[in-house]
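Enquirer: Letter by letter, the chains look like this.
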Amino acid sequence: KQEVTQIPAALSVPEGENLVLNCSFTDSAIYNLQWFRQDPGKGLTSLLLIQSSQREQTSGRLNASLDKSSGRSTLYIAASQPGDSATYLCAVIGTYKYIFGTGTRLKVLA
Amino acid sequence: SQTIHQWPATLVQPVGSPLSLECTVEGTSNPNLYWYRQAAGRGLQLLFYSVGIGQISSEVPQNLSASRPQDRQFILSSKKLLLSDSGFYLCAWSFMGQETQYFGPGTRLLVL
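Residue numbers (our numbering), protein chains in the order written: chain A, 13 to 122; chain B, 7 to 118.
Take these hints with a grain of salt, some might be off.
[Said to hold, decoys possible] Pairs of lysine-lysine, DSS-like flavour, derived with a Cα cap of 30 Å:
| hint | chain 1 | residue 1 | chain 2 | residue 2 |
| --- | --- | --- | --- | --- |
| 1 | A | K54 | A | K109 |
| 2 | B | K86 | A | K80 |
| 3 | A | K54 | A | K119 |
| 4 | A | K119 | B | K85 |
| 5 | B | K86 | A | K119 |
[To be verified] Label-pair ranges, simulated between beta-carbon atoms:
| hint | chain 1 | residue 1 | chain 2 | residue 2 | range |
| --- | --- | --- | --- | --- | --- |
| 6 | B | W13 | A | P52 | 16 to 24 Å |
| 7 | A | A90 | B | Q19 | 38 to 46 Å |
| 8 | B | E32 | A | K54 | 18 to 26 Å |
| 9 | B | P67 | A | A22 | 25 to 33 Å |
| 10 | B | G103 | A | D79 | 39 to 47 Å |
| 11 | B | Q61 | A | L31 | 40 to 48 Å |
[As the list claims (entries may be wrong)] Computed far set for chain A versus chain B, every beta-carbon distance over 12 Å:
| hint | residue |
| --- | --- |
| 12 | G53 |
| 13 | R67 |
| 14 | D79 |
| 15 | K80 |
| 16 | A90 |
| 17 | V120 |
| 18 | A122 |
To be clear, the hints were calculated from the coordinates, so they are not data collected in a lab. Quantities reported herein were computed from a predicted structural model and do not represent experimental measurements. Note that the Cβ used here is the ideal one computed from N, Cα and C, for glycine as well.
Please take these sequences and the hints and turn them into a complete structure.
Expert: What follows is the structure, encoded as structure tokens:
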């Protein structure tokens with residue numbers, strides 16, 4: 013059974029810091045992995061989708077990497093801003109199913 | 007382009023009352039449809055998925071049921087709500103045969 017873990021559960025950093033969010037999964041037989049952002053009381057905003065054949069994806073200040081063999085993905089946020097404050101979720105993608113981690117709650121202090 | 011709608015956005019219901027949440031997709035045909043729930047302090051969990059009209063697969067045993075009366079309509083129901091049914095419910099769709107899912111805005115349900 014696939015299990016997805018995100019560490020840390022919560023993170024508070026001063027504005028401008030570079031930071032790394034971690035996602036680990038137990039079964040490397042995945043199709044893809046996707047990172048989302050969730051603002052309080054809101055739905056999901058897709059940030060980056062990494063296909064299983066890829067090692068990383070970049071969008072602006074965000075960079076996500078995927079190492080299937082070790083069951084790990086990281087989301088790197090450069091030069092963090094208060095507007096980045098949200099919960100970040102990773103999801104491993106299998107047949108008919110997204111399996112989500114419990115998220116990292118990020119707060120960027122001005 | 008494709009759009010997914012969910013309603014209502016927020017719902018407060020007493021324990022024991024019925025529930026009906028609706029999800030519709032526009033701009034595509036024969037989508038796969040999904041219901042997820044995010045309970046307080048827990049991650050998003052897949053509840054049901056459907057690969058066609060009248061075809062529903064349940065992932066976890068629970069107090070809820072799902073139906074797909076039309077190609078692009080997915081309904082989540084309960085005959086009698088429990089306190090533990092409170093949470094944030096997300097509907098999603100994918101192109102048939104593809105894994106990437108697209109999520110709706112969600113419905114926040116509070117059972118009192």
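Enquirer: Against each hint, give a clear statement of whether it holds in the structure.
Expert: Evaluation of the provided hints:
1. A/K54 - A/K109: holds, 21 Å
2. B/K86 - A/K80: violated, 43 Å
3. A/K54 - A/K119: holds, 16 Å
4. A/K119 - B/K85: violated, 40 Å
5. B/K86 - A/K119: violated, 38 Å
6. B/W13 - A/P52: 16 to 24 Å: holds, 20 Å
7. A/A90 - B/Q19: 38 to 46 Å: holds, 44 Å
8. B/E32 - A/K54: 18 to 26 Å: holds, 21 Å
9. B/P67 - A/A22: 25 to 33 Å: For B/P67 and A/A22 the Cβ distance comes to about 31 Å; the hint holds.
10. B/G103 - A/D79: 39 to 47 Å: violated, 27 Å
11. B/Q61 - A/L31: 40 to 48 Å: 43 Å Cβ-Cβ, so the 40 to 48 Å window holds.
12. G53: Per Cβ check, A/G53 is inside 12 Å of chain B; nearest 7 Å; violated.
13. R67: holds, 18 Å
14. D79: holds, 19 Å
15. K80: holds, 15 Å
16. A90: Since the minimum Cβ distance to chain B is about 26 Å, A/A90 lies beyond 12 Å and the statement holds.
17. V120: Non-interface label on A/V120 holds, nearest chain B Cβ at 23 Å vs cutoff 12 Å.
18. A122: The claim holds: A/A122 sits with its nearest Cβ about 28 Å from chain B, beyond 12 Å.
In terms of the numbered hints stated before, the structure departs from hints 2, 4, 5, 10, 12, listed from lowest to highest.
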